Amino acid sequence: MTARFRCAWQSGMEAPRVGDRAGYRVRLSVDNLACRRSGRRIFSGLTFALAPGDALAVTGRNGAGKSSLLAILSGRLRPDAGRIDVAEVGEASLPECLHVVGHRDGLKSALTAGENLLFAQKLLGAARLSPRDALERLGLGHAHDLPVGYLSAGQRRRVALARLLVCHRPLWLLDEPTAALDTASQALLADLMAAHRADGGLVIAATHQALGLDGAAELRIEASVALEPEPMEDWA
Amino acid sequence: MTRAILALIARDLRLAGRVGGSGALSLVFFLMIVALVPFALGPDLNLLSRIGPAILWLAAVLSTLIGLDRLFQADEEDGSLDLMSAAPVPLEGVVLAKVTAHWLTTGLPLALASPLFGLLVALDGTAMGATALTLLAGTPALSFIGAVGAALTASIRRGGLILAVLVLPLMIPSLIFGVSAAQAATGGTVPFLVPLAVLAALTLIAAVVGTLAAAAALRWPE
Numbered sequence: 001m002t003a004r005f006r007c008a009w010q011s012g013m014e015a016p017r018v019g020d021r022a023g024y025r026v027r028l029s030v031d032n033l034a035c036r037r038s039g040r041r042i043f044s045g046l047t048f049a050l051a052p053g054d055a056l057a058v059t060g061r062n063g064a065g066k067s068s069l070l071a072i073l074s075g076r077l078r079p080d081a082g083r084i085d086v087a088e089v090g091e092a093s094l095p096e097c098l099h100v101v102g103h104r105d106g107l108k109s110a111l112t113a114g115e116n117l118l119f120a121q122k123l124l125g126a127a128r129l130s131p132r133d134a135l136e137r138l139g140l141g142h143a144h145d146l147p148v149g150y151l152s153a154g155q156r157r158r159v160a161l162a163r164l165l166v167c168h169r170p171l172w173l174l175d176e177p178t179a180a181l182d183t184a185s186q187a188l189l190a191d192l193m194a195a196h197r198a199d200g201g202l203v204i205a206a207t208h209q210a211l212g213l214d215g216a217a218e219l220r221i222e223a224s225v226a227l228e229p230e231p232m233e234d235w236a
Numbered sequence: 237m238t239r240a241i242l243a244l245i246a247r248d249l250r251l252a253g254r255v256g257g258s259g260a261l262s263l264v265f266f267l268m269i270v271a272l273v274p275f276a277l278g279p280d281l282n283l284l285s286r287i288g289p290a291i292l293w294l295a296a297v298l299s300t301l302i303g304l305d306r307l308f309q310a311d312e313e314d315g316s317l318d319l320m321s322a323a324p325v326p327l328e329g330v331v332l333a334k335v336t337a338h339w340l341t342t343g344l345p346l347a348l349a350s351p352l353f354g355l356l357v358a359l360d361g362t363a364m365g366a367t368a369l370t371l372l373a374g375t376p377a378l379s380f381i382g383a384v385g386a387a388l389t390a391s392i393r394r395g396g397l398i399l400a401v402l403v404l405p406l407m408i409p410s411l412i413f414g415v416s417a418a419q420a421a422t423g424g425t426v427p428f429l430v431p432l433a434v435l436a437a438l439t440l441i442a443a444v445v446g447t448l449a450a451a452a453a454l455r456w457p458e
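Chains A and B are the protein sequences, given in the same order.
Under this note's numbering, the first sequence has 181 at position 181, and the numbering climbs by one with no breaks.
For this note's numbering, count along the second sequence from 1 and bump the result up by 236.
Think of the hints as simulated: they come from the structure by calculation, not from any bench.
This structure is a prediction, so every number in the text was calculated from the model and none was measured.
Just so you know, not all the hints are guaranteed correct.
Quick list of the computed label-pair ranges, beta carbon to beta carbon [to be verified]: (1) A/130 to B/448: 50 to 58 Å; (2) B/271 to A/150: 31 to 39 Å; (3) B/452 to A/209: 36 to 44 Å; (4) A/146 to B/272: 36 to 44 Å; (5) B/246 to A/139: 39 to 47 Å; (6) A/41 to B/348: 36 to 44 Å; (7) B/430 to A/78: 42 to 50 Å; (8) B/408 to A/220: 52 to 60 Å; (9) B/271 to A/133: 16 to 24 Å.
Far from chain B by the CB rule (all over 10 Å, computed), these chain A residues [stated by the list, open to error]: (10) 92; (11) 99; (12) 109; (13) 115; (14) 136; (15) 146; (16) 191.
Which chain B residues stay away from chain A? Per the calculated CB distances, all over 10 Å, these [said to hold, decoys possible]: (17) 240; (18) 317; (19) 319; (20) 340; (21) 396; (22) 422; (23) 425.
Ideal Cβ placement from N, Cα and C applies to all residues, glycine included.
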């Protein structure tokens with residue numbers, strides 16, 4: 001997790017942009033990654049490499065460590081062993097190059113959808129679409145001035161997904177992105193991911209369902225502790 | 237980076253003013269404690285004005301705890317902390333921004349309102365001014381110390397009581413020098429500036445140590 005690299009659009013230079021495209025050239029390689037939580041080994045020996053435009057679908061049974069893998073990549077969990085390298089993205093650290101949309105949507109119920117997205121845009125930097133345009137793109141233009149607490153689970157998820165569009169980030173980490181989404185929104189998400197990949201971005205999605213990721217590699221995490229009670233202890 | 241920190245402060249201030257935020261709550265709590273004391277002690281104005289600064293300081297320490305347990309916990313629970321760790325700001329910057337917002341909604345209003353509340357405990361003009369000044373200099377330390385406890389208990393449900401037990405002892409030095417500075421202003425053997433300088437130094441130390449410690453506690457939750 002010590003990889004430091006240059007990130008053109010975050011080191012003061014103008015991002016190369018055509019419309020809202022960034023033209024990423026990011027590469028990610030993960031070598032022999034292992035994860036241990038609460039003293040128990042969740043997985044080990046994970047190795048994969050992604051080139052610009054690649055997508056990776058992470059599958060595996062409940063508790064196999066899909067979310068743990070994403071947490072490690074996003075820098076919220078320390079890997080037990082192994083290394084992660086990112087190339088062609090400047091000098092920012094790995095967490096500064098990615099978007100995370102997970103089970104916890106990172107939205108404040110008391111703020112409106114627009115305020116939530118504007119905050120994310122200012123916090124993450126490298127602005128892309130305005131919050132209103134991003135919401136329009138996800139069919140939620142009417143929710144711009146509504147507190148997120150008033151929205152349904154599927155609508156909240158779409159607001160969280162709209163965050164992908166308000167900032168330029170080459171790597172998207174999605175944890176069960178289709179949870180609570182209707183079929184139309186799932187198709188919309190598939191389009192967004194395809195556009196991101198066409199732009200050279202990477203998508204890593206932990207999922208149980210087909211996401212419409214054409215030509216995505218599949219990484220199946222086999223639990224290294226077989227058939228014991230759930231190895232994940234949730235202290236939260 | 238400055239933009240991200242300002243965005244964080246603005247968001248926390250906005251949240252404090254919305255439903256479920258602790259915006260004016262600590263100020264009201266402060267008022268309640270200060271208002272209760274004269275009822276408990278009886279109408280002895282000399283006694284009240286002698287212990288007035290101590291009462292105001294005790295009330296300030298206790299009201300700092302209001303909302304402190306949710307300082308990082310709310311963001312941990314809804315995933316906002318994951319979002320913040322993806323920001324081009326180190327976690328120390330996030331902590332600094334959140335503590336600043338916490339102080340702006342608790343410590344600063346308390347310090348500004350303390351002359352008014354000083355009336356309830358029969359403080360004279362000098363003592364009112366001195367107490368307000370010590371609160372202004374001392375309450376940031378309370379927020380920074382509290383942030384360490386808040387970060388440690390961020391992933392514990394109902395960690396509020398543990399938080400209080402953890403941080404209250406660490407607030408004792410600020411309490412001692414805050415009260416002694418306020419009392420030095422109205423008489424006594426030490427000049428006002430000596431304990432005030434120590435109080436300000438304690439605040440600076442708490443700002444550095446508290447920021448680093450809270451960020452370390454948040455960084456690796458396991």
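Non-interface claim for residue 99 of chain A versus chain B (Cβ beyond 10 Å) | The assertion about residue 99 of chain A is violated, with a minimum of 7 Å to chain B.
Regarding the assertion that residue 115 of chain A does not contact chain B, is the least Cβ-Cβ distance greater than 10 Å?
-> violated, 7 Å
Per the stated criterion, does the least C-beta distance between residue 109 of chain A and chain B lie above 10 Å, as a non-interface residue requires?
-> violated, 8 Å
Take a look at whether the Cβ-Cβ distance between residue 452 of chain B and residue 209 of chain A falls inside 36 to 44 Å.
-> Roughly 38 Å apart at Cβ, these two residues keep to the hinted range, so it holds.
That 50 to 58 Å hint for residue 130 of chain A and residue 448 of chain B (C-beta), does it hold up?
-> At roughly 36 Å between Cβ atoms, residue 448 of chain B and residue 130 of chain A fall outside 50 to 58 Å, so the hint is violated.
Just double-check residue 425 of chain B for me: nearest Cβ-Cβ distance to chain A has to come out over 10 Å.
-> holds, 51 Å
In this structure, is the beta-carbon distance linking residue 41 of chain A and residue 348 of chain B contained in 36 to 44 Å?
-> Distance hint for residue 41 of chain A, residue 348 of chain B is violated at roughly 55 Å.
Non-interface claim for residue 146 of chain A: all C-beta distances to chain B beyond 10 Å?
-> holds, 13 Å
Has the hinted range 52 to 60 Å been met by the Cβ atoms of residue 408 of chain B and residue 220 of chain A?
-> holds, 55 Å
Lying within 16 to 24 Å: is that true of the beta-carbon distance residue 271 of chain B to residue 133 of chain A?
-> Between residue 271 of chain B and residue 133 of chain A, where Cβ atoms are some 51 Å apart, the hint is violated.
Per the hint of 42 to 50 Å, is the separation of the Cβ atoms of residue 430 of chain B and residue 78 of chain A within bounds?
-> holds, 46 Å
In terms of Cβ atoms, is chain A entirely out of 10 Å range of residue 340 of chain B?
-> holds, 17 Å
The structure shown violates the earlier hints numbered 1, 5, 6, 9, 10, 11, 12, 13, 17, 18, 19.
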